[in-house]
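Colleague: Here is how the chains run, residue by residue.
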Amino acid sequence: MKINILHLYPDLLNLYGESGNIKAIKNYLEYNNIKVNIKNCSIEDEINLKNIDLIYIGMGTEENQNICIKHINKYKTKIQNYIEDKGFVLSTGNSIELFGKYIKNKKTKIQNYIEDKGFVLSTGNSIELFGKYIKNKKTKTLGIFDYYTGSTNLVDQPLYKTDFIDEEIIGFINKRSEIKNVDNHYLFTNQRPNNEDKIHEGYHYKNFYGTYLLGPILVRNPKLLEYICKKILENKNINIELISNLDLEYSAYKEFLKNYYNIVVE
Amino acid sequence: MNIISIIIGKIIILIGKPIGRSSSLPGMVSRKINKNIYKFFKLPSTVIAVTGSSGKGSTSSVIADTLRSKGYTVAHNKIGSNLSDGILTLLIENANIFGKIKKDYLVYEIDERYTKYVFDKIKTDYLVVTNITRDQPPRQGHHDIVLNIISESIKENMHLILNGEDAYLQKLVSNKKNKVTYFGLDKNIYSYEKNKFNVLNMSYCPICNSSLVYNYYNFENTGDYYCSKCDFKKPIIDYLGNIDYKKNVININNKYKLSLDNNILYSVYNELAAFTTCAELGIIKENEDKLNTKLFNKYNFENREVTVLNNKNENSSTFNQSLLYIERFNDLKVVVIGWKEISRRYDFDDLSWLYDIEFELLNNMNIDSVICVGIHRFDIATRIKLSGIDQNKIHTFNNLEESFDTIKNSKGNIYGILNFDYVKPFNEILRGDNK
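Just so you know, the sequences run in chain order A and B. Under this note's numbering, the first residue of the first sequence carries the number 1, and numbering increases by one thereafter. Under this note's numbering, the first residue of the second sequence carries the number 1, and numbering increases by one thereafter.
None of these hints come from the bench; they were simulated from the model. For every residue, glycine included, the Cβ atom is placed at its ideal position computed from N, Cα and C. Hints are all accurate, no fakes.
Result set (SDA-like, lysine to any residue): computed pairs, CA atoms no more than 25 Å apart in a straight line:
no.: 1; chain 1: B; residue 1: LYS194; chain 2: A; residue 2: ASN40
no.: 2; chain 1: B; residue 1: LYS393; chain 2: A; residue 2: ASN32
no.: 3; chain 1: B; residue 1: LYS312; chain 2: B; residue 2: MET365
no.: 4; chain 1: A; residue 1: LYS254; chain 2: B; residue 2: GLN391
no.: 5; chain 1: A; residue 1: LYS70; chain 2: B; residue 2: ILE207
no.: 6; chain 1: A; residue 1: LYS26; chain 2: B; residue 2: PHE197
no.: 7; chain 1: A; residue 1: LYS254; chain 2: B; residue 2: PHE378
no.: 8; chain 1: B; residue 1: LYS312; chain 2: A; residue 2: GLU255
Covered stretches of chain A, as calculated for chain B (at least 3 residues, CB under 8 Å):
no.: 9; region: 13-24
no.: 10; region: 150-158
no.: 11; region: 167-176
no.: 12; region: 208-218
no.: 13; region: 253-263
All chains should be modelled from the sequences, with the hints used to inform the complete structure.
Modeller: Spelled out as structure tokens, the structure:
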């Protein structure tokens with residue numbers, strides 16, 4: 001029994017402890033005598049999805065995200081087919097944006113000035129410098145899903161619920177952008193939303209799981225780890241009873257709910 | 001108005017001192033009274049700013065102390081009030097009522113993101129950037145944001161002093177024509193050829209995005225780098241340090257000798273940054289002016305060696321430096337990791353940075369046990385377990401007091417890899433018992 005994980009852009013989208021998810025899956029499945037093969041794939045490699053059981057992709061700086069967009073856009077059809085064929089994807093942080101239609105770029109100072117009807121006199125070839133400011137309003141992304149990305153600013157420690165796990169989901173959010181125009185394919189429901197339109201979070205379509213929760217969400221939510229691993233194995237028609245070795249993980253989870261939300265889990 | 005605002009600032013400094021409100025409140029009040037107060041100051045002829053994710057306090061202190069030891073007068077924000085109002089307080093404190101600062105040098109430590117406000121107001125001649133690493137993401141966003149803020153704040157005539165071995169800092173100067181002086185550390189017995197840190201801030205060339213190659217590394221992105229495709233590479237190092245670990249001495253350019261208080265890399269780089277700055281000012285720092293760091297402690301506990309390393313939570317590089325340091329020694333180790341709180345600044349807690357730290361290095365060491373302490377003991381223990389350390393060697397305790405018996409009964413030398421808020425209580429428990 002072997003599981004193949006493709007970690008996309010581990011050297012560029014590595015902003016908030018994303019390697020924790022890979023370590024968590026590997027540790028849990030290997031404890032259950034299932035081999036885990038991790039394939040790292042970055043901008044100088046071809047994306048090959050043959051025999052891949054899970055794609056993991058994490059958060060990056062805006063600059064690194066742009067570098068990866070140029071690369072991943074070449075593989076739209078492959079990735080779309082993979083998702084439609086019920087391939088598993090776990091996307092954390094702003095990597096969810098790569099699967100939407102486009103990212104609206106933040107306006108530059110010059111752009112704002114021009115749009116506020118500020119005067120500019122540009123002579124000779126200096127006019128060329130303004131080309132990219134005007135044109136560069138959107139960065140096209142894969143377009144597999146219908147949402148797009150706009151800017152925001154949010155640092156938060158949210159508490160979520162989801163249909164497929166009977167316990168709260170914990171984690172951390174630190175984002176400067178967010179997906180908009182999300183249909184009812186959200187992943188989580190916010191238990192303590194600050195305002196009405198922020199009730200839903202993330203994106204869930206077939207076996208695509210995307211959330212702005214950053215970094216090691218499978219470490220911090222052992223039930224989510226168990227669920228995803230069980231589903232991946234079912235998808236491969238491997239039916240074994242997984243044994244838990246997640247006592248430390250679960251203690252950390254319970255301690256966190258108790259200390260921060262006063263929720264006691266039996 | 002100018003004179004009044006300075007006098008009021010000075011009065012608040014006097015009143016504030018006994019109640020501990022003298023570091024930034026005076027600046028704030030004076031600024032509220034007179035928003036043009038900055039223009040009123042007549043600054044010393046040489047102004048030096050030090051910024052970076054870590055080491056700016058120590059480095060600026062060594063620079064100030066060195067200048068003083070040579071007989072110069074220096075204004076310096078020693079207590080670390082490094083935001084706009086803290087720096088303004090420093091100016092008010094050192095100025096006479098006519099705004100004249102009668103000192104030979106102004107040396108100020110400044111928070112990375114406040115460079116954007118302060119450099120417009122204080123004409124700064126030298127800027128030392130110690131490093132830009134992952135640091136307090138809930139507050140800062142991420143390192144690229146910090147780098148871009150500093151980059152946009154730098155003025156054309158500023159003389160920059162940088163670690164030339166740090167590839168990431170090259171992003172700060174790639175689009176600039178500033179004068180830059182580089183310091184660096186030569187290849188030494190602890191340099192390594194195969195990357196040890198899986199999470200780096202830069203793996204590709206900042207010019208052409210091709211793979212970056214290292215002849216050797218000294219730490220994370222620091223070492224002898226070049227681009228696999230274009231001509232981007234490590235610049236010529238103006239002040240190159242060679243460490244003699246046995247004698248605890250750095251030889252600089254085969255000409256100057258600096259003795260070290262300790263040889264953890266961050267101390268070495270801070271020393272080199274300070275030496276380089278002084279040398280560019282025409283002052284050669286002498287042996288006796290040692291960097292006196294509080295970041296490192298060594299003592300004995302029941303005939304076992306205790307090494308205490310001071311780290312910053314939410315700053316994986318400080319923990320990585322500690323791990324790289326303890327990896328040098330072949331002894332049997334008990335490693336104590338913990339903190340009281342992740343941050344004093346906010347009441348929510350990010351834990352993702354635990355996975356940016358290369359705890360996997362522990363597998364190269366002879367580990368008796370890893371003791372995880374504090375409110376996040378299970379999160380730390382989980383991280384250690386996922387690095388591959390046998391779970392039977394991992395112990396968790398709610399606080400340092402409760403961990404004492406287990407530390408006492410463990411075997412080997414004791415290494416405390418602690419957030420700064422645990423250093424004092426840890427030393428009290430281990431050293432206090434010894435008295």
